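Visitor: Chain residues, written in single-letter form:
2 protein chains.
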Amino acid sequence: MRSTVTFYLCYLLCLALGLACVACVCVWNSRWRGGFAWDGSGLQFNWHPVLMVTGLVVLYGYGAVVYRVPLTWGQNKLPWKLLHAALMLGSLIMSILGLCAVFAVHNAKNTPNLYSLHSWIGITAIILFALQWGVGFAGFLLPCSPVLLRKLLKPVHVWLGGSILLLTTAACISGINEKLFFVLKGNVTYSSLPPEGLLGNSLGVLIIAFGLVVLKILSNIKWQRPDSRPGEIAYTPLQDENE
Amino acid sequence: MRSTVTFYLCYLLCLALGLACVACVCVWNSRWRGGFAWDGSGLQFNWHPVLMVTGLVVLYGYGAVVYRVPLTWGQNKLPWKLLHAALMLGSLIMSILGLCAVFAVHNAKNTPNLYSLHSWIGITAIILFALQWGVGFAGFLLPCSPVLLRKLLKPVHVWLGGSILLLTTAACISGINEKLFFVLKGNVTYSSLPPEGLLGNSLGVLIIAFGLVVLKILSNIKWQRPDSRPGEIAYTPLQDENE
Numbered sequence: 001m002r003s004t005v006t007f008y009l010c011y012l013l014c015l016a017l018g019l020a021c022v023a024c025v026c027v028w029n030s031r032w033r034g035g036f037a038w039d040g041s042g043l044q045f046n047w048h049p050v051l052m053v054t055g056l057v058v059l060y061g062y063g064a065v066v067y068r069v070p071l072t073w074g075q076n077k078l079p080w081k082l083l084h085a086a087l088m089l090g091s092l093i094m095s096i097l098g099l100c101a102v103f104a105v106h107n108a109k110n111t112p113n114l115y116s117l118h119s120w121i122g123i124t125a126i127i128l129f130a131l132q133w134g135v136g137f138a139g140f141l142l143p144c145s146p147v148l149l150r151k152l153l154k155p156v157h158v159w160l161g162g163s164i165l166l167l168t169t170a171a172c173i174s175g176i177n178e179k180l181f182f183v184l185k186g187n188v189t190y191s192s193l194p195p196e197g198l199l200g201n202s203l204g205v206l207i208i209a210f211g212l213v214v215l216k217i218l219s220n221i222k223w224q225r226p227d228s229r230p231g232e233i234a235y236t237p238l239q240d241e242n243e
Numbered sequence: 244m245r246s247t248v249t250f251y252l253c254y255l256l257c258l259a260l261g262l263a264c265v266a267c268v269c270v271w272n273s274r275w276r277g278g279f280a281w282d283g284s285g286l287q288f289n290w291h292p293v294l295m296v297t298g299l300v301v302l303y304g305y306g307a308v309v310y311r312v313p314l315t316w317g318q319n320k321l322p323w324k325l326l327h328a329a330l331m332l333g334s335l336i337m338s339i340l341g342l343c344a345v346f347a348v349h350n351a352k353n354t355p356n357l358y359s360l361h362s363w364i365g366i367t368a369i370i371l372f373a374l375q376w377g378v379g380f381a382g383f384l385l386p387c388s389p390v391l392l393r394k395l396l397k398p399v400h401v402w403l404g405g406s407i408l409l410l411t412t413a414a415c416i417s418g419i420n421e422k423l424f425f426v427l428k429g430n431v432t433y434s435s436l437p438p439e440g441l442l443g444n445s446l447g448v449l450i451i452a453f454g455l456v457v458l459k460i461l462s463n464i465k466w467q468r469p470d471s472r473p474g475e476i477a478y479t480p481l482q483d484e485n486e
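As you go down the protein sequences, you meet chains U and W in turn. Take 1 as the starting number for the first sequence in my numbering and just add one per residue. Take 244 as the starting number for the second sequence in my numbering and just add one per residue.
So that you can see chain U by itself, here it is in the shape it has in the complex (with noise of 0.2 Å):
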């Protein structure tokens, strides 16, 4: 009761903390970097950090942790095998959007792609989780897969989602930071921390943060979906919910 208790807390300082991020990427590339539009212009590049750190983090984490509501044990898996699905291929869908935003920047001013540590790191996550979602899908939704294969690919599955949003948290902090080196210059420059500065440094802490509290959740055995009974079977039209 008590454990249920504190995985509420932290799934409430989970969804809050995901918010700010959102309000916070948003509210500074809308007021601060002029805000949006699809030209290959500045204003193109601006959909990549906010539709980063809202589909590849902030997604990608609430996609994460939707097992570890205990509200949703007593009930058939499927559903919710289909939410974490459809939220990470949200996410998914997201992150390519973010990854055309910078590239078609960088293609009409002339600047190569994928050249900084900032961007190896982004394009191996993007990579990883797209693989990770074709294998998920494949193994854990598809009827023809067999319980066994389901078996070894859950831990694999649930390592390399953790080490995925090891790798966005990294590539957020360097674009962020790069950022705000590139834009602070001048007359107000980013050591003067102005409240550009401030506002960035503030998303940073605060994708850190989500990230941590994600990490918790998805680390504290207490919190795991117990197996499902091999009742549940009969509820699961695509195949039985015992990997």
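You can take every hint at face value.
Below, simulated PhoX-like cross-link-like pairs (lysine-lysine); rule was C-alpha separation at most 25 Å, straight line:
#1 U:K109 x U:K179
#2 W:K465 x U:K154
#3 U:K216 x W:K465
Stretch by stretch, here's where chain U covers chain W in the computed footprint (C-beta under 8 Å, at least three residues):
#4 350-361
#5 414-421
#6 430-441
#7 452-464
Pair ranges (Cβ atoms, derived):
#8 U:G74 x W:K397: 30 to 40 Å
#9 W:G283 x U:A23: 39 to 49 Å
#10 W:G283 x U:F182: 19 to 29 Å
#11 W:G285 x U:L114: 23 to 33 Å
Quick caveat, the hints were computed from the structure, so don't treat them as lab data. Remember, predicted model here, so these are calculated numbers, not experimental data. Using N, Cα and C, we set each Cβ at its ideal position, and we do this for glycine too.
Since the structure of chain U is provided, determine the placement of chain W on it from the hints.
Guide: Chain W only, in chain U's frame:
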């Protein structure tokens, strides 16, 4: 048995990746950045990445996984506690020296300290690390610390230990990314990915891989040291080892 073999493979990978990180950061700063000094010049700055990667990442990671080595399980825990505390103290001292290096260079050049997101994440990691070491020493090594306190402290200590590693990884990636943008401009830009850029990016990738392997070792329940047997108490001069 299979689990032990897998552990030692992971442990060897951890040791090798750590050494590769140290070699990479030393080569980068000695051969590409002009070497080392302690005189307020740019050469003093070069100690910063070397000390942070060697101390705050590699030595910290090595210290974190000490208890997981199965060879040590049949023995009295105290020497391994002292080794854990000593490695972590070494890591903390190197991190503080690494901070001193960058503060001295900034002060000599009248550059403000602690304004960037990189520095915010890095200083938070070191403050948490210092607190973690102090509380860990008082809670787990001092004879006056009650057993109940140790039991409560242990999960917090383990969780905070992993969280600090996530913070230091993010700080390192943003720091390397920022440094490469600072130094690779003019004729040889970062975007043309010259050998120094490749080396710096590779260092970042090695740090991420090292962090993931350390977190993998820490998170595997099968690799956790079993609770000490009551008979072991007689061998521990400072306090019983049942926390």
